[in-house]
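2 protein chains.
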Amino acid sequence: MGRGFLLVMIQQGILIVLSGPSGTGKGTICKQLLLCNQQLQYSISVTTREPRSNEVNGINYWFTSHAEFEQMIHANELLEWAQVYDNYYGTLRSYVCNNLDQGRDVILEIDTQGAMQVKAKFPQGVFVYIVPPSLDELANRIYKRGTDNLESISKRLSSASKELVSAMNYDYVVVNDEVDVAVKKICAIIEAEKLKVQRNIGLIEAICHNQL
Amino acid sequence: MGRGFLLVMIQQGILIVLSGPSGTGKGTICKQLLLCNQQLQYSISVTTREPRSNEVNGINYWFTSHAEFEQMIHANELLEWAQVYDNYYGTLRSYVCNNLDQGRDVILEIDTQGAMQVKAKFPQGVFVYIVPPSLDELANRIYKRGTDNLESISKRLSSASKELVSAMNYDYVVVNDEVDVAVKKICAIIEAEKLKVQRNIGLIEAICHNQL
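Line by line, the protein sequences give chains A and B. Under our numbering, the residues of the first sequence are numbered 1 to 212, in order. Under our numbering, the residues of the second sequence are numbered 213 to 424, in order.
Please keep in mind that the hints were generated in silico from the structure rather than gathered at the bench.
No farther apart than 27 Å at their CA atoms in a straight line, the calculated lysine-lysine pairs in the DSS-like style are these:
no.: 1; chain 1: B; residue 1: Lys243; chain 2: A; residue 2: Lys194
no.: 2; chain 1: A; residue 1: Lys196; chain 2: B; residue 2: Lys406
no.: 3; chain 1: A; residue 1: Lys31; chain 2: A; residue 2: Lys196
no.: 4; chain 1: A; residue 1: Lys26; chain 2: B; residue 2: Lys406
no.: 5; chain 1: A; residue 1: Lys26; chain 2: B; residue 2: Lys408
no.: 6; chain 1: A; residue 1: Lys194; chain 2: B; residue 2: Lys408
The following block holds chain A by itself, in its conformation from the complex:
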């Protein structure tokens, strides 16, 4: 049997869950990661909200009805879900697992509550928390963005300071000082995680039995 073929069979993709306080640049990091890693798939959420005119089912979201979403909750088909105003948003376990089974890594950018739901249901995921270099720098970035007034910035900082405690529940912490450096670090995390012994039991057994 060809070696490449067997390795593809053995090595599953990895689910990377990315969180961090608002303003740390998670979105930019995610985009860069997707650009430089063709094996990486952005996790598409399922939602009950109406599609906008430019949105396509299966590209921007999976669109579904309230009844179907509630059925998914009861059937434990979601790795995480939340209700925002009148609508549901969630992550389909089958969508993530299908990608992983095909050897693609999946990246999920989500708040800490969602991430902890995923961790409970999918502990083999890799949980990365992005932090700003300092709260001062975070304040600068939010100020420069120009979307918040001083009171709102102060609120954001106070909530960021509280939220940083949740970093302790993650596997890795990455300081987003420069985007390129942060992206390189996350690539190293993905590379290292793929070398973890528990993700390579099949490979070790195959070598032991000389089947490669």
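Add chain B to chain A, keeping to what the hints say.
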């Protein structure tokens, strides 16, 4: 307080423990790692054997007496030790920890028995198991080395196959197909390990309190 200074205070070095069956190329990987990573320090063993004419204390080995070595054992000053014929060999905890405290990573190339002793005493170490691409390839390499006859090669393969099971007790497994690729993978492991949340509690707390 300057940021660089505080980061140096926070980030300890990492102890990397490297094992693998004879003939997998651990030695070559180690040398390459030391060449391309100035922050990496090869772990110098302590031994009771007589220094050879070209050997220098503190460079090749730490040379010591039998009585002193046995005192080190009883005082729990060794991360691991073994007796080979009439002499003792071991790894000084203080030597490793002094390097780690100064932010240098330490690499220790050692057999699986030694590695498991280190793991029991220093679980925060990073345990990497090097494997050949296949047992066939391992046989080729040992044959090409020209130091073993066929019976000896067959013995080595049988013991390699048994030893591979101990990979399960390590954190990472790296296939040494091409040395450069294996070295790059170990560099990724070191980079990722430094981002582990449990190695960065001080950093997270400092950001929370805006002390960077």
